[in-house]
Every structure is written in C-alpha cells, then in structure tokens.
Amino acid sequence: MCLAYPAKVLRIDGELATVERAGVKRSASLMLLPEAKVGDYVLIHAGFAMQVVDEREVQIRDALVAEMNGAPRTVELAGVS
Amino acid sequence: MNTLIEKLARLAAGKGRLRLMEVCGTHTVAIFRSGIRQVLPANVELVSGPGCPVCVTCDDYIDKAIAYARRDFIIATFGDMLKVPGSRSSLAEAQAAGADVRIVYSPLDALQIAEDNPRRSIIFLAVGFETTAPTQAATVLAARARGIKNLFMLSAQKLVPPALRFLLGDATAKVDGFLLPGHVAVVTGADAFNFLATEFNMPCAVGGFATEEILIALTSILEQIDNGRAEVANDYRTVVTAEGNVAAQKILSQVYTVTDAEWRGMGTIPASGLKMRDEFAAFDIEQVEPLPPCPLSLVPSPLKKACRCGEVLRGLVKPIDCPLFGKACQPLHAVGACMVSVEGVCAAWFKYGGQHFEW
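Going line by line, the protein sequences match chains A and B. If you count by my numbering, then the first sequence holds residues 1 to 81, one letter each, in order. If you count by my numbering, then the second sequence holds residues 1 to 359, one letter each, in order.
With the rest of the complex left out, here is chain A (with noise of 0.2 Å):
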C-alpha cells in the first residue's frame, strides 16, 4: 500500500493526468496537487500525485539503478564529507 515511486505527467485532462514512468502509462488523479503541470516529475501513491518532484533527482535514481544491473558506474555522490 505504502509503495510511491516518481512518474513523469504527460497529459492533463481535468483532475486527471497520464503519467509515465519506465515506458508504463497509466493515469493518475491530480487533485492532491493540482499544480502539477506537463512535464513535471510527480511522486505518485496509490494512484495520486503527492508532490513534484526534483527531476535530476530522478536521472540519478535511474542512473543508480542503471548501475546495479550492470551498467558502467556515472553517479558519485556528492556533498558528503
């Protein structure tokens, strides 16, 4: 139930956008954050977009995981002392 994961909104109609997220389409409702807009990167739960969300945040998540199945390392981690 407590699953979210960030999706990529590629259409608004009304309340409702179509989202994507590793090529899967599916829709999701915006009415727990109608300032979503096309383009945007939106954390989605059960169905909702909860919160916009940083979209090099998202590349360095892919890339992370890009490397944990093999692929060449591209993320170093910043900022830590």
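None of these hints come from the bench; they were simulated from the model. Note that the structure is predicted; figures quoted are calculated from it, not measured. All C-beta atoms, glycine included, are put in the ideal place defined by N, C-alpha and C. Some hints here could point you the wrong way.
What the hints assert, rightly or not - Computed footprint of chain B on chain A; a stretch qualifies when at least three of its residues, placed anywhere within it, have a C-beta under 8 Å from a C-beta of chain B: (1) 23–34; (2) 41–47; (3) 55–64.
Claimed, not checked - Simulated crosslink set (SDA-like; lysine to any residue; CA at most 25 Å straight-line): (4) Lys25/A <-> Phe209/B; (5) Lys37/A <-> Gln249/B; (6) Lys25/A <-> Glu115/B; (7) Lys250/B <-> Val38/A; (8) Lys25/A <-> Ala36/A; (9) Lys8/A <-> Glu213/B; (10) Lys8/A <-> Lys351/B; (11) Lys250/B <-> Ile12/A; (12) Lys8/A <-> Thr26/B; (13) Lys83/B <-> Gln330/B; (14) Lys250/B <-> Val52/A; (15) Lys275/B <-> Leu303/B; (16) Lys37/A <-> Tyr105/B; (17) Lys250/B <-> Pro34/A; (18) Lys250/B <-> Tyr5/A; (19) Lys37/A <-> Arg56/A; (20) Lys25/A <-> Asp116/B; (21) Lys250/B <-> Gly14/A; (22) Lys8/A <-> Val246/B; (23) Lys25/A <-> Gly79/B; (24) Lys8/A <-> Ala210/B; (25) Lys37/A <-> Asp109/B; (26) Lys37/A <-> Val246/B; (27) Lys351/B <-> Leu3/A; (28) Lys25/A <-> Ile113/B; (29) Lys25/A <-> Arg102/B; (30) Lys351/B <-> Met68/A; (31) Lys15/B <-> Thr3/B; (32) Lys250/B <-> Thr74/A; (33) Lys25/A <-> Tyr5/A; (34) Lys250/B <-> Met68/A.
Could you slot chain B onto chain A? The hints should help.
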C-alpha cells in the same frame, strides 16, 4: 557510500549503545535489503517502530471487514490487507469461502467498481497513514461530485506523530533517535515532527528510501547525538518540505476529523486516528449500516495469545524473541500481522535475516 559508512563509524565511536528507531515499514525493508544493518557500527542498533499501517490495524477491524463481506458487500482493498488474520480468520479465507473481495491499487479503482456495479454496495478498506489517507478523502469527494452513492469507507487510518509521542511516554521504549518516514512527511511536512526535538530533545532525520538516503539520514542523527543537539533534519528534500502538501492536508481535514484510535499492541492512543465528519456520514459504512457488537467479540485462538507483535511494534522485543517467530508464524501461515505484511518487521527479519541471526 564508503565515505558515509566511515563517517557513521567515526560518529558512533566511543559512545554507548545507541538505539535508533525507523518508523516506516518501507525503511525497515530497505534497510534489510541493502545490508545497512551489517555495516553499521556495533554499538548502533536499528529498531523498528509502529511503521506499517497493516501491522498496527487491530483484529476487530479485520473481523468487521469479514462481517461486511459476508453481507454481500464488495470489499475493495489494498492487497496487503488480504492475509491479515482477524480474531479467527482473514479476508483471504472469506474470499475463498465465496466473499467478493477485490484487490485494487488505488481507492479510485474502488470508485470505478462502484460505477460499474450500480446494484451492489462497495466498501473500501480505508487504512493507512498520512500518506494514504488523503487519497481516500479525495476519493470520497470524487464520489460525492459524481453522485456515486454505493461506495463506502470502513475507516481506520492512523496518524504517525501521536504514536511517536505515545512511544516516548513509555519508559520501557528506550530510543536515542528517530529515522522519520519520508512519505508521511511529504504530506505532513517535516515540521509536524518538530515536537520530538523541542519537547523530547530527540535527534531526528526525515529520510528517503534509497540506500544512500538512509545512510545520510542516519549520519544526520548521529551528528546531532555527537553535538548534543536535537532537531528534525530534512534529508529527503527532493519531495519533503517544511509545511508538506497543503492541498492534501486540506482535503483530508475536509472529509475526516481527528479521533482517538486503537493500535495493535499499543492500545488506544489519543488523537491518533481519523473518523469521517458528519457531513460525509453517507459514505461511512459504520454509520450507514452498523454491525451488531456481539459477533465481533470473538475469542482469539491460543496461538494469537502467544503472539508478541504488540511488543515488536513498540521496539521492546525483537521478532526472534517471540516464541512463534519462524516456527508457528511464517509468511505463508502467519499468526501475527507483522509477519503478514511484506513491510512488517517480522516478515523482514524472516526474509532477510535467515543467515544472519540465530533462531
């Protein structure tokens, strides 16, 4: 990542035993899966708190859901509620016996079932913390806007901050810091947890769910302990703000009002649950069709009496301290809720702890 692990070791060195509590089942599982427990300094112990909404749901809620299922309602629920044992049986068993129980991904899917089945009545099992509750409130608003009258909620949502306050009032639960739930804070805002620092002098950090994010949050907590400070560090800034999701908070408080709630193993915690406002009584199944009290006071089976989920949820005992753990109670035939939910503490210990703990 090694830098973070070294930093943790440096900060923990020379200190006594430190007990840090994670208050989110997703954190519990992520910590096990990533192997963080194995790289932590020996004096830092991670304990799991009441962070899984499935696990803290009481037997009698399941009993009620089963009773409604037997009355020819369609029960729509998140999948993780299906196998949770009530006093005597689970929704999965009720389903096997012919009840119409359907798994949905979103409460909006329940709304769709209601639209598709105008002659039937649908009950959505509205459990969850602050992250999930607004989705259920929004669904009620959507149902009202669309004039749907055959969708009802069986509400037992819980609020996290009051539960932490309750835990800190219990002298037996010794905790030196909290790893706070990232997605609850998305809705409540990090500020909702400030009382932990100001009233209880408790070091805290809101953390994300990737391995690095968890390590960064743990480092924040240890830094505070090292400096003798207590604050709520926000280490999940990509989605967590100080004030949270205000639109979600508004929708939640439009439909629901705060009430006392019963938590498994913890008893009644003041102002820690939600009930529907009178204005929405037509969507509250317990007001529309109340159940008679008698059949609910079922006598729990002897196995359930031995279950120590309540103490596990408060961080008082480890799963392996329960006489049932790994024996009578396993994921495939769970006795307690902590073993049923994939994000339950016992299930995580069972799945990931196998080679590392003796039991």
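Those earlier numbered hints the structure runs against, lowest number first: Hint check: 10, 15, 32, 34 fail, others pass.
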